[in-house]
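Just so you know, the protein sequences line up as chains W and V, in that order.
The letter at position 199 of the first sequence is residue 199 when you use this note's numbering, and the numbering goes up by one with no holes.
Take the position in the second sequence, starting the count at 1, then add 327; the result is the number in this note's numbering.
The set of hints was computed from the structure by calculation and includes no laboratory data.
We treat Cβ as the ideally placed atom computed from N, Cα and C, and that holds for glycine.
Errors might be hidden in some of the hints.
DEER-style ranges, computed between Cβ atoms [said to hold, decoys possible]:
| # | chain 1 | residue 1 | chain 2 | residue 2 | range |
| --- | --- | --- | --- | --- | --- |
| 1 | W | D40 | V | K651 | 37 to 45 Å |
| 2 | V | E625 | W | N73 | 36 to 44 Å |
| 3 | W | R35 | V | V516 | 57 to 65 Å |
| 4 | W | E184 | V | T472 | 20 to 28 Å |
There are 2 protein chains.
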Amino acid sequence: MKIKIGIAGYGNLGKGVESAIHYSDDMELVAVFTRRNPDDVKTLTGAPVYDLDKISEWKDRIDVVILCGGSANDLPTQTPELAKYFTVIDSFDTHARIPEHFSNVDEVCRANNTLGIISVGWDPGLFSLNRLLGQAILPNGSDYTFWGRGVSQGHSDAVRRVPGVKDARQYTIPVESALAAVREGKNPVLTTREKHIRECFVVAEEGADLQAIEDTIKTMPNYFADYDTIVHFIDQEEFNRDHLGIPHGGVVIRSGKTGMDGDRNHVVEFKITLDSNPEFTASVLVAYARAAFRMRSEGTVGCKTVFDIAPAYLHPSSPEEQRKNLL
Amino acid sequence: MKIKIGIAGYGNLGKGVESAIHYSDDMELVAVFTRRNPDDVKTLTGAPVYDLDKISEWKDRIDVVILCGGSANDLPTQTPELAKYFTVIDSFDTHARIPEHFSNVDEVCRANNTLGIISVGWDPGLFSLNRLLGQAILPNGSDYTFWGRGVSQGHSDAVRRVPGVKDARQYTIPVESALAAVREGKNPVLTTREKHIRECFVVAEEGADLQAIEDTIKTMPNYFADYDTIVHFIDQEEFNRDHLGIPHGGVVIRSGKTGMDGDRNHVVEFKITLDSNPEFTASVLVAYARAAFRMRSEGTVGCKTVFDIAPAYLHPSSPEEQRKNLL
Chain W
1 MKIKIGIAGY GNLGKGVESA IHYSDDMELV AVFTRRNPDD VKTLTGAPVY
51 DLDKISEWKD RIDVVILCGG SANDLPTQTP ELAKYFTVID SFDTHARIPE
101 HFSNVDEVCR ANNTLGIISV GWDPGLFSLN RLLGQAILPN GSDYTFWGRG
151 VSQGHSDAVR RVPGVKDARQ YTIPVESALA AVREGKNPVL TTREKHIREC
201 FVVAEEGADL QAIEDTIKTM PNYFADYDTI VHFIDQEEFN RDHLGIPHGG
251 VVIRSGKTGM DGDRNHVVEF KITLDSNPEF TASVLVAYAR AAFRMRSEGT
301 VGCKTVFDIA PAYLHPSSPE EQRKNLL
Chain V
328 MKIKIGIAGY GNLGKGVESA IHYSDDMELV AVFTRRNPDD VKTLTGAPVY
378 DLDKISEWKD RIDVVILCGG SANDLPTQTP ELAKYFTVID SFDTHARIPE
428 HFSNVDEVCR ANNTLGIISV GWDPGLFSLN RLLGQAILPN GSDYTFWGRG
478 VSQGHSDAVR RVPGVKDARQ YTIPVESALA AVREGKNPVL TTREKHIREC
528 FVVAEEGADL QAIEDTIKTM PNYFADYDTI VHFIDQEEFN RDHLGIPHGG
578 VVIRSGKTGM DGDRNHVVEF KITLDSNPEF TASVLVAYAR AAFRMRSEGT
628 VGCKTVFDIA PAYLHPSSPE EQRKNLL
């Protein structure tokens, strides 16, 4: 009996989930649900597409719904709504609003005897896990999260809104010297500017004032003013050749001291390098969907996060095999 | 109310646990138990020392006993024995015998309504966790574990047994080119020799045949014959200055593909660099002792491993604070 999955929302993340399920032997994709006209959506695997408004009719035919909408407008309402009918999992990533989202989903899950896992992916998600582990194991220390090198969608959008800009891609890049100091156990105190560089590749409209565009980007509050920002103007051909991918990555480092005199240092580093941010996030979602199914089968209800999931639930093999082969 | 901890066995690991508890606000060390004459053992913090044979008298005064004996001779019998009376946790690290040890501890725990967590540390332990996570998230991939640069106690002992050797330290070192190939996502197939180098620092007895010592080391079956081994002869002064520490470290890397065509690569790396192997292992044990106490308080019994522990149990702060500050 395979775990029956439904996908709600079919953008890059939804496609990544579809592909990850396709390569997971213990799962099957039952259906994709969309707010668009289902007839206009063609899936990668040929999975059927239905109207999201009618998803509740599938209540008894789906074990876990993976929500693949956006954190700004979709998930705050969709996750609690679908949790009325299904075990759900999402990648809600607006860090400041997680407690509120948790509370909303938890209330619906408890009222309807369902299970919801929120904020699954790499940050929040695997990075959160490593921040928690680092603090728990080395309480006398500091932790650092660096993002990149990778595409920031929000910053790319901000550059595209600058007058005279036709297309743009913004990469967030950790400052190598800061990373090196952290890895050496120096526990530096780092400002925003000292941690990350922002690099923009911009296709300008014909005749646009390049200097004005560059100045507008570099002084943009919240997005760029607090960073050292590099702006490259390139043509559309180069842009299409080199900048259509969605790579990302980053690193969480915990550096801490042990011993009665606190004189021995330890550095714990978790690092990811991703060719495709949405496909990797999708892969994390699918592993946690397996956990959601198993935990719900054992009777667990309510809202959970990566902090509440015992790792054994994530791996397809049995506890005996895990101990034998992986421990 | 602090978590009341007992330590069974007082070598380097036991001292590391004592120090980690000293710096954990939610724990207190009740007593250290030893097989030596308690009067001969002086603890770092002044914690009282008692005869290990009488530990069962402390049944109602200790929440968790952390076993700090060796995997070869102590833990296989001590952990099941103490699990009759206490919630226990050990760092049993003989990988091949984990299923047997698990089964022994599980039986005693279930018969006596206690909880036991075995094989906690970094390998087995945090490295196991990362092997499991990597496979669960990127099923289409390969994983690699590299150890070092660090002191291998077993290999150092083997060198010390060579005739003419007065003192010796062996370091296991990952081969940089192999690590680089793995990090680049090349998924190389690596032999034993291609993964690690073994470097020995040897103090020879006066007048010893250095060439004979070097040949004996390099051709020693199981320990060195399958590796490229470097032997340095140094004097006792240099040895004492540079080689009395117990540093270690290592890395677990999962490299895997996603997408319908499997053409996007992702590399997930977990790396540790430790000034003191026993003090870091002790710190991991103490965090999992917190989990053991909390899980037992909720009614959990039986044998568990790192795979069965939800991360939230490891961190001293509340679930609400964890979600707010760490997720």
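Quick rundown of the hints versus the structure:
| no. | hint | verdict |
| --- | --- | --- |
| 1 | W:D40 to V:K651: 37 to 45 Å | holds, 41 Å |
| 2 | V:E625 to W:N73: 36 to 44 Å | holds, 38 Å |
| 3 | W:R35 to V:V516: 57 to 65 Å | violated, 47 Å |
| 4 | W:E184 to V:T472: 20 to 28 Å | holds, 24 Å |
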